[in-house]
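Note that the protein sequences, when read in sequence, are chains A and B.
Positions 1 to 507 (the UniProt record's numbering) are the ones given, in order, by the first sequence.
Positions 1 to 507 (the UniProt record's numbering) are the ones given, in order, by the second sequence.
If you're looking for bench data, these hints aren't it; they were derived computationally from the structure.
Treat identical chains as interchangeable: a pair holds within one or across any two.
Straight line, CA to CA, 25 Å or less: simulated SDA-like cross-link-like pairs of lysine to any residue:
no., residue 1, residue 2
1, Lys25, Gly312
2, Lys58, Leu80
3, Lys355, Ile446
4, Lys411, Lys495
5, Lys25, Pro311
6, Lys495, Ser459
7, Lys54, Gly144
8, Lys28, Ser188
Protein chains: 2
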Amino acid sequence: MTMTHQQDLKGVFTAKDLDFKPAGKITKKDLNTGVTKAEYAVRGAIPTRADELKEELKKNPEVLPFDDIINANIGNPQQLDQKPLTFTRQVLAILEYPEILRVGHNELASLNLFSRDALERAERLLNDIGGSIGAYSHSQGVPGIRQTVADFITRRDGGEPATPEDIYLTTGASSAATSLLSLLCKDSQTGLLIPIPQYPLYTASASLFNAQVLPYYLDEESNWSTNSDEIEKVVQDALKKQIRPSVLIVINPGNPTGAVLSEETIARICLIAAKYGITIISDEVYQENIFNDVKFHSMKKVLRKLQHLYPGKFDNVQLASLHSISKGFMGECGQRGGYMEIIGFSQEIRDALFKLMSISICSVVTGQAVVDLMVKPPQPGDESYEQDHDERLKIFHEMRTRANLLYETFKELEGIECQKPQGAMYLFPRLVLPKKALCESERLGIEPDEFYCTSLLESTGICTVPGSGFGQRPGTYHVRTTFLAPGTKWIQDWKEFHQDFFSKYRN
Amino acid sequence: MTMTHQQDLKGVFTAKDLDFKPAGKITKKDLNTGVTKAEYAVRGAIPTRADELKEELKKNPEVLPFDDIINANIGNPQQLDQKPLTFTRQVLAILEYPEILRVGHNELASLNLFSRDALERAERLLNDIGGSIGAYSHSQGVPGIRQTVADFITRRDGGEPATPEDIYLTTGASSAATSLLSLLCKDSQTGLLIPIPQYPLYTASASLFNAQVLPYYLDEESNWSTNSDEIEKVVQDALKKQIRPSVLIVINPGNPTGAVLSEETIARICLIAAKYGITIISDEVYQENIFNDVKFHSMKKVLRKLQHLYPGKFDNVQLASLHSISKGFMGECGQRGGYMEIIGFSQEIRDALFKLMSISICSVVTGQAVVDLMVKPPQPGDESYEQDHDERLKIFHEMRTRANLLYETFKELEGIECQKPQGAMYLFPRLVLPKKALCESERLGIEPDEFYCTSLLESTGICTVPGSGFGQRPGTYHVRTTFLAPGTKWIQDWKEFHQDFFSKYRN
Chain A
1 MTMTHQQDLK GVFTAKDLDF KPAGKITKKD LNTGVTKAEY AVRGAIPTRA DELKEELKKN
61 PEVLPFDDII NANIGNPQQL DQKPLTFTRQ VLAILEYPEI LRVGHNELAS LNLFSRDALE
121 RAERLLNDIG GSIGAYSHSQ GVPGIRQTVA DFITRRDGGE PATPEDIYLT TGASSAATSL
181 LSLLCKDSQT GLLIPIPQYP LYTASASLFN AQVLPYYLDE ESNWSTNSDE IEKVVQDALK
241 KQIRPSVLIV INPGNPTGAV LSEETIARIC LIAAKYGITI ISDEVYQENI FNDVKFHSMK
301 KVLRKLQHLY PGKFDNVQLA SLHSISKGFM GECGQRGGYM EIIGFSQEIR DALFKLMSIS
361 ICSVVTGQAV VDLMVKPPQP GDESYEQDHD ERLKIFHEMR TRANLLYETF KELEGIECQK
421 PQGAMYLFPR LVLPKKALCE SERLGIEPDE FYCTSLLEST GICTVPGSGF GQRPGTYHVR
481 TTFLAPGTKW IQDWKEFHQD FFSKYRN
Chain B
1 MTMTHQQDLK GVFTAKDLDF KPAGKITKKD LNTGVTKAEY AVRGAIPTRA DELKEELKKN
61 PEVLPFDDII NANIGNPQQL DQKPLTFTRQ VLAILEYPEI LRVGHNELAS LNLFSRDALE
121 RAERLLNDIG GSIGAYSHSQ GVPGIRQTVA DFITRRDGGE PATPEDIYLT TGASSAATSL
181 LSLLCKDSQT GLLIPIPQYP LYTASASLFN AQVLPYYLDE ESNWSTNSDE IEKVVQDALK
241 KQIRPSVLIV INPGNPTGAV LSEETIARIC LIAAKYGITI ISDEVYQENI FNDVKFHSMK
301 KVLRKLQHLY PGKFDNVQLA SLHSISKGFM GECGQRGGYM EIIGFSQEIR DALFKLMSIS
361 ICSVVTGQAV VDLMVKPPQP GDESYEQDHD ERLKIFHEMR TRANLLYETF KELEGIECQK
421 PQGAMYLFPR LVLPKKALCE SERLGIEPDE FYCTSLLEST GICTVPGSGF GQRPGTYHVR
481 TTFLAPGTKW IQDWKEFHQD FFSKYRN
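In isolation and in its complexed conformation, chain A is listed as follows (with noise of 0.2 Å):
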């Protein structure tokens, strides 16, 4: 900066102009109470202090017991071992520069980059979305790509149809579930029915947008099970209450459970929509991470069939199903995409949808591109179909191996309670501590899970989430971490920790 700049500017005031105290700085107090009570441990204080010791083992290697962090705080595939599908990409290169399809096919043919069915699909994509992936695109995301996803639904629910009309390509599941509550809360006597454990996203919702935490518990002892009459009490005494249990949210698989919820668990959540008039909000986002021996069951294809079953007793339930291409096979976190199913609403709530997501004008294109690739991937005959197919396959291998050995590891231990996985990509396995272990959590003025999760991050470098933050019962205490960190060292290091904090807080 030159002096000359600077007196531009110096006639332009007078002293009397100049002759006023400055006002303060605002400070949290005069902040939305809503977002400054917002919490989301997921990436809170342990990942921020994973952060700094990150920075500190690139400066002084040396003096930390830990060569490298670990982080299992987030489900965050390509952060760690898994390699994004090799279709997608391909696709998504030539959606950046279509340049490529102008390339004389055998000259492209002889560098082996790009297969014939991903230059197809993205002729056909760039159709679909007029020629340029860096035009916005329609509020609700590009027409075909909505058709292909109604296409998905419909066959994966059996025949029951989906209409493109019915979907929203969204930013990933986040912001779609963010939008839907940013509708449906109307004021401070808006319950929602949070399952606890749950992700912190929607207790973070609820204080955005000022509504009320309803929470209905899982089961822990049968396998993080979902109790309807659990639920119903849970409405009637919100009833009683006077506040109005308007939305019920339902995490299947779960997260941080992994329980994946039977048609007959799903039907009865159903019956209390129909019989209460509750807008159900299905996260359905690791409906393709299923491991030993269940089957997902969408909460769409179960209404359905009660639909038919029961003629006029279903009809009036409203429910958002969500999907993501963060999770699953593509595990393409930083590309920003999902769909959200809406149905049962009536024309005046979906015209404030469409106004509500037309305000954010329309979500990444490239992202939107991904759902089409997760939803209709390769097909046996396809020059891709193999290679697809056996990355398809290691992906699966190697996360439901680590979740077992990780779930076995767990079961040998002292002070440590597993369910068995059943679905998406975390642990939630109850720590039961010793009093000395409790007495030392106390004297620092932090939960006992965080503590031991702190131990375990400053000890290990591994990075976890307490169960605080996701929520628990009283008086018990959880750790969340993925599975997905690659190889078994982080396990047994995980193991000899545990087995030195109990060594050194048993009673």
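Given the coordinates of chain A, work out where chain B should sit on it, guided by the hints.
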């Protein structure tokens, strides 16, 4: 769906379970009134009607008096004529599909698809990003990209330093503005100073977050300039009414006005912020779209100058400035990227903002990469430089030519008054409509400018937005149009429509 499937659920419910009267569906009155009241005309009634006409054109082209819809309602350059910059798309293709980097250099060079500097930039970005754009990034964005942004701001502002810690990479400027306002809108006594006319995101956000709009009118007669005395008067009036003027929104260059603020005007805005402790949000997304001998000055640069000139007087000013990849030379709307720089906020406010941003995890990583490419284009000596430079010149010239042509056309017409284009992508001419037209619109129950825009759409296929969607002085009427659509035929069509309209409704 087969009957077998249905039978699975048949035994689930008892007759008693099913003995209930289904509840009613939710209606508009069950929704968040902040959402139902929000208005966003850029994708409102007239653009929705244009979508219907587009469908009609596909089915029955012969029934309409035009062949195509001209979407002049939204600044969406790549939907129209603007080509993406080649360098940008080369780098993005490699980020999506890093296998391209593993092809032998000679083989790749023979295709003439990727320049050497695109390969190098992609390698650097992949390294900064941590290997895959499919992983979530840090919630503020990739640190290396934030460093590139900080370097850009430092250069742009004549050496005034910027740091990566002050930068957030966001899903475009809309998402940055919405996040900031959700944090800063405490309650219904919070006042947002919003220029009128404005980009309707701001009044929509005021509605979403239940804050008061404190409109300050821009001076149409002096090329839509901003008068700080007018702002200060609005501040004082608000304070008298117990409304806290918390946030001052500045759009520079203006949307929809295209006005570019002088350094003096910006200095006077800073003075108000300093005096009353008002946070400034400076929407500077059109900073590259500058025509006709004006110069863009950033709010940050002027604020820093004042802080140097008058120690202690301006140190309290809190500023967030926004930029976007959607406008300027990139025009990458569908990629959804931007940044905000936050300065002057205390640590507790910074912490609250970080937590809020972490709830949505991170912005799309390819969009973050486009920010890097926007703020650090190829330099002289780089292989891409000449082509990139030519592409930019072409975009600039075409946009300026069209802006001036449209302006000259309006100038010739009766009943339309237009300020000279200075920046952005829009003209916002005033309609001085004959009484007969006012009567006709009253008869139809719509605003006169809506009547004009609807007639324009139905006659010519040109989709614009009435001034009422942006705000205007009572009794005045305007129309906002982009000058992005290619060719000159649509301008001629508009001219003819306008002459016919006046012939029909002339007093």
